[in-house]
Amino acid sequence: MTAILRAEQVSKAFGGVQALGGCSVDVEEGSVTALIGPNGSGKTTLFNVITGYERLDAGEVYVGAKKITNAPPQRVFALGVGRTFQLTRIFPRLTVMENMLVATQHTGRRVRNPLARAGGPADRHRAMELLEFTGIERHAGALAETLSYGQRKLLELAYVLVADPAVVLLDEPAGGVNPSLIQHIAARIRELNAAGKTFLIVEHNMDFVMDLCGHIAVLDYGTVVATGPPAIIREDPRVLDAYLGIAEEDLAEEDDDAAAH
Amino acid sequence: MSELKGAAPPGLRSEAAGPAAPRERPRVSGKLLRAAGIAMVAAALAVYPLVITNGLATTIAVDGVIFISAAAAWNIFSGYSGYISLGHAVFFGSGAYTVAIGARDWHLTGDAVFALLPLAAVVGAVIAVPCGLVALRVRRHTFVVITIALFFIFQLMAFNLSFTAGSIGIIAPILNWAPATYNDPFYYIALAIAAGTTALAWLIRGSRFGLQLRAIRDDEDRARGLGVRAMRVKLSAFVISAFITALVGGLWFYFIGEALPQFAFDPIFDLSVALMAFLGGLGTVAGPVLGALIIEPAQQYLTTTITNDYLSEILLGALFLVVILLLPRGVIPTGSELISKWTARRENRR
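Residue numbers (my numbering), protein chains in the order written: chain Y, 1 to 261; chain C, 1 to 350.
None of these hints come from the bench; they were simulated from the model. Only a predicted model underlies this, so the values are computations on that prediction, with no experimental measurement involved. Even for Gly, the Cβ is constructed at its ideal location relative to N, Cα and C. Check before you lean on any hint, since a few could be wrong.
Stated by the list, open to error - Partner residues aside, some chain Y positions facing chain C, computed with beta carbon under 10 Å:
| no. | residue |
| --- | --- |
| 1 | G40 |
| 2 | Y53 |
| 3 | R93 |
| 4 | N113 |
| 5 | E156 |
| 6 | T223 |
| 7 | V224 |
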């Protein structure tokens, strides 16, 4: 397996707060990798420095063999890294279909007529397929501002996929949505992953993460404190300490209790 | 406008969208209605100076049609991208002064002066590049403030540079046209530019470029993260907008016959074009046309018939307040929403 997305010793400070301190994360091609950690551990900041929304102070970011350190968002996207935001960001005054077509605009180096109608038949067809895939196709003609929160999450997922990025970064895809929709989103991710799409997911919903992700990286105070498959991470005392605030002594006591019974 | 009609109630897995057949009818008749409306406005504008020959009326008409282009050009940038420019008089004035200085220094007279119009447009576009590179680095209120600052820099330059002749201004060469039909050529040149600008605005709105602009208006950072080269797109729209504004600025100079710093670089121009677009419908194609046809004649009429110079400006300010407070989306979007609600209600009653 090769890493398709690599952050190496990435550091970022906001004033006196060290959001990321020498943080390294590898995302293997074809994997669903989770990035977990307590609030303020630097997960979203890592997303932001990878996708060009924040400049990093030190370290490097690579997509495949290409260095994308501090590249602007449009270039990162053109190189195959798409992302969603924790607080869903759609284009409210465009129709759902127009939202989908925004992401088809990136053309690499090919020069296209800017005055051509937005979205050729091929683009529209692909956009419609993805809307059907996510289950919001009947809203294609509606203004995006009329969508519910869950539908906006689905739209955001759909339009990131339009340009067929190699890696998709999802910032809390299950945040604030109802359980059946969480299942729906998880099923879509699994299906896409089976077709070869790579995901890096920030998520607080542990059932969602443990169920879906083959590999987990745990962040605390801006550094990776543990990595591995869910079974290992679930048992890792450093993770429990960082994430749940359970000290190792408590765990030891629990073990003793278990042994006593 | 059709997107409003297509709006379906939210709900992830409810039934497929309601019956399709009744929806088709208002859409088709809406299209017909719109085509008929456009044809009527175009026909009325085309024959106007042939029917109405009163000098004051045709003078106001020339101004009105010039402002259709100015408002539509402003809307191509500000309406589509959401970056509200209050400095477009920079380009209007630069166009006016380009024609004025060119005609003076190259001793052009009569119809030959019109040959300077393309040059005026190019000068406006060239000026827009550095202005845009500075102003478009910031957003929202800061952008508005920078455009106002740029405007005052240009007005001050017109007052103080030697080649603009300062506050004395530059007089246009005299045209030896028959007084009865003097306004007509100006009217038809202005109308041709207005038609071209409106067509371009329509073309851009539905284009890839237009979609990128409207995506920037809604969420610029999100658009960048989906591959939109925001700076390039914004700057292109700014330059196109400046090109047209300077073009009509050049025409306006020759029509008015004089370039003075306070009128070529006029803050009222900045407010007027914005108000026209807001009144008609920001970001729509027809909105600025409608806004210009309402506001510019009203303003000209008030200025020429009422002796108190400031009354028209006070009324303009008051109208701006009324539009922003009561009709923030403009006549066209609010009107079309009302019409589609009304037709939907009528369909439901059947």
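Going down the list of hints, with the structure as the test:
1. G40: Where the cut-off is 10 Å and the nearest Cβ of chain C is about 22 Å from G40/Y, the hint is violated.
2. Y53: Holds - the Cβ of Y53/Y comes within 10 Å of chain C, reaching about 7 Å at its closest.
3. R93: With a minimum Cβ separation of about 5 Å from chain C (threshold 10 Å), the hint on R93/Y holds.
4. N113: holds, 8 Å
5. E156: With Cβ-Cβ at 9 Å, under 10 Å, it holds.
6. T223: violated, 26 Å
7. V224: Cβ of V224/Y sits 24 Å from chain C, so the hint is violated.
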